[in-house]
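Participant: Below are the chains, spelled out letter by letter.
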Amino acid sequence: MLKIEERIVMLPEACVANILSFTTPADTFSSASVSSVFRVAGDSDFVWEKFLPSDYSRLISTSTHKSFSSKKELYRCLCESILIDNGRKIFKIEKLTGKISYVLSARDISITWSDQRHYWCWSHRSDSRFSEGARLIMTDWLEIIGKIQSGVLSPSTSYGAYLVMKVTERAYGLDLVPAETWLKVGNGEKKTKTSYLSCLGNKKQQMAKKDEIFGYYRREPEMREDGWMEIELGEFETGREGNEEVVMSLTEVRGYQLKGGIVLDGIEVRPKPQKLSC
Amino acid sequence: MSTKKILFKSSDGHLFEADEAVARQSTTISHPLEDCCAKADDEFLLPNVSGNILSLVIEYCKKHADVGSISEEDLKKWDAEFVLGMDQPTFFDLIRASNYQNIPSLIALTCQTIANMIADPNEIRATFEIKNDFTPEEEEKGHVTPVKSR
Numbered sequence: 016m017l018k019i020e021e022r023i024v025m026l027p028e029a030c031v032a033n034i035l036s037f038t039t040p041a042d043t044f045s046s047a048s049v050s051s052v053f054r055v056a057g058d059s060d061f062v063w064e065k066f067l068p069s070d071y072s073r074l075i076s077t078s079t080h081k082s083f084s085s086k087k088e089l090y091r092c093l094c095e096s097i098l099i100d101n102g103r104k105i106f107k108i109e110k111l112t113g114k115i116s117y118v119l120s121a122r123d124i125s126i127t128w129s130d131q132r133h134y135w136c137w138s139h140r141s142d143s144r145f146s147e148g149a150r151l152i153m154t155d156w157l158e159i160i161g162k163i164q165s166g167v168l169s170p171s172t173s174y175g176a177y178l179v180m181k182v183t184e185r186a187y188g189l190d191l192v193p194a195e196t197w198l199k200v201g202n203g204e205k206k207t208k209t210s211y212l213s214c215l216g217n218k219k220q221q222m223a224k225k226d227e228i229f230g231y232y233r234r235e236p237e238m239r240e241d242g243w244m245e246i247e248l249g250e251f252e253t254g255r256e257g258n259e260e261v262v263m264s265l266t267e268v269r270g271y272q273l274k275g276g277i278v279l280d281g282i283e284v285r286p287k288p289q290k291l292s293c
Numbered sequence: 140m141s142t143k144k145i146l147f148k149s150s151d152g153h154l155f156e157a158d159e160a161v162a163r164q165s166t167t168i169s170h171p172l173e174d175c176c177a178k179a180d181d182e183f184l185l186p187n188v189s190g191n192i193l194s195l196v197i198e199y200c201k202k203h204a205d206v207g208s209i210s211e212e213d214l215k216k217w218d219a220e221f222v223l224g225m226d227q228p229t230f231f232d233l234i235r236a237s238n239y240q241n242i243p244s245l246i247a248l249t250c251q252t253i254a255n256m257i258a259d260p261n262e263i264r265a266t267f268e269i270k271n272d273f274t275p276e277e278e279e280k281g282h283v284t285p286v287k288s289r
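So the protein lines, in turn, are chains X and V. Under the working numbering, the first residue of the first sequence carries the number 16, and numbering increases by one thereafter. Under the working numbering, the first residue of the second sequence carries the number 140, and numbering increases by one thereafter.
Hints in this document: simulated from the structure, not taken from any laboratory. Errors might be hidden in some of the hints.
Label-pair distances were calculated between CB atoms; the ranges are [said to hold, decoys possible]:
| hint | chain 1 | residue 1 | chain 2 | residue 2 | range |
| --- | --- | --- | --- | --- | --- |
| 1 | X | D70 | V | T166 | 48 to 56 Å |
| 2 | X | C92 | V | H170 | 47 to 55 Å |
| 3 | V | P275 | X | E252 | 27 to 35 Å |
| 4 | X | Y232 | V | D205 | 54 to 62 Å |
| 5 | X | C92 | V | P275 | 28 to 36 Å |
| 6 | V | K202 | X | E235 | 52 to 60 Å |
| 7 | X | S96 | V | K270 | 48 to 56 Å |
Taking beta-carbon pairs under 7 Å as the criterion, some of the chain X residues facing chain V (in silico) [to be verified]:
| hint | residue |
| --- | --- |
| 8 | A29 |
| 9 | C30 |
| 10 | F37 |
| 11 | T38 |
| 12 | V49 |
| 13 | S50 |
| 14 | S51 |
| 15 | T127 |
All C-beta atoms, glycine included, are put in the ideal place defined by N, C-alpha and C.
Use the sequences and the hints to build the structure in full.
Facilitator: Next up, the structure:
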């Protein structure tokens, strides 16, 4: 009669791999230290194939990276983020959850009048992974629209869309009227909010504090880890399946004020941090 | 449509009979049947599966073959009860058998059950009484900080 311990150690690698494929990337990484069977199973292509996005072969075919020694290596590479779609987008997966995020470059979104040299200037930026960023010279009609299909994202996930931008030193006209940010999924309701395009200087911050007491909250760009700023355009949930068009936008077309001095890197669509359940 | 019966012989010589629809849930059975290298009257020899486990597999497949008669929710409840209270040796033999006979839904059920228990390496070792077979050097080399994903 076999002892329990002997039965378990004899579990074939294929079975352990099957079990791991039902866990998460985080669990698979951490279970590698249980025993050598777990480590070998946890390195297997079978497991990482399950964690990779289903269209990964299409994704890597449009990027500069071509060959990988294993699916686990490919997964790790995607966690570092890759340029796809001929450099127009950045694709990334979150290491521990396997959730997908995208950054649409400035070239990949619609910026009204950005083809006009007097209004917008396109140039290479050393602080961006994209080949070009768009800098606003002057406009009274700011209209930025990005689109993404929900089907390319991870299912059953809460996502946020963010305009990635910077404000240059010589910016003007950004403070006067807040911009409108909105997001719409398929034929659903358009969810609208407002946000200012720049942050208040110190003197003005003290004046704004007075407004806070009366419940007026001033939304502003927030600092990111990569040195850029971001403005949240909206949030949405992806269903278990389905493929709808998500439209994300920032517009300022009501003030008719001339403004200039913002730089756009693109729009990021990333999972929102999961709320901890009590 | 006639319900052909398929015969199975377990490693310990027990004979079992099942409807073709039940047997077809295993691709190691359905492929030979489709490729015409096996006929319904043939005995399928399963040297890797004992009679005890095979009867559990057939019980599972019978329940899952009749998709129209039971709601998805009730089927899930039945699945949960099916695995609940099964002792570890039996449960692990069931995993092996479902892998060997390649029954996707049973593989999913059994693996998901264990997957839900996986938390951190020390807990895994304790739950399943697995011996840590790494040398201290190997362990140091492959050290990964355990992370709770839930």
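Participant: Does the interface hint hold: is T38/X within less than 7 Å of chain V, judged Cβ to Cβ?
Facilitator: With Cβ-Cβ at 5 Å, under 7 Å, it holds.
Participant: Have a go at the T127/X hint: is there a Cβ in chain V nearer than 7 Å to its own Cβ?
Facilitator: violated (43 Å)
Participant: Given the range 52 to 60 Å, decide if the beta-carbon distance of K202/V to E235/X lies inside it.
Facilitator: The hinted range 52 to 60 Å holds for K202/V and E235/X, with Cβ atoms some 58 Å apart.
Participant: Can you tell me whether the CB distance of Y232/X to D205/V sits inside 54 to 62 Å?
Facilitator: Because 58 Å falls inside the window, the suggested range holds.
Participant: Do the numbers back the hint for S51/X, that is, is its least Cβ distance to chain V under 7 Å?
Facilitator: holds (5 Å)
Participant: Taking the Cβ atom of P275/V and the Cβ atom of E252/X, is their distance within the range 27 to 35 Å?
Facilitator: violated (47 Å)
Participant: How does the Cβ-Cβ distance of C92/X and H170/V compare with 47 to 55 Å: does it lie in that range?
Facilitator: violated (36 Å)
Participant: Does C30/X hold up as a contact with chain V if the rule is Cβ-Cβ below 7 Å?
Facilitator: holds (5 Å)
Participant: Min Cβ distance, S50/X to chain V: is it shorter than 7 Å?
Facilitator: OK, holds: S50/X within 7 Å of chain V, min 5 Å.
Participant: Double-check V49/X for me: the hint is only fine if its C-beta lies closer than 7 Å to a C-beta in chain V.
Facilitator: holds (5 Å)
Participant: Taking the CB of S96/X and the CB of K270/V, does the distance hold inside 48 to 56 Å?
Facilitator: 39 Å Cβ-Cβ, so the 48 to 56 Å window is violated.
Participant: Any CB of chain V closer than 7 Å to the CB of A29/X?
Facilitator: holds (6 Å)
In this structure, the hints that do not hold are numbers 1, 2, 3, 7 and 15, in rising order.
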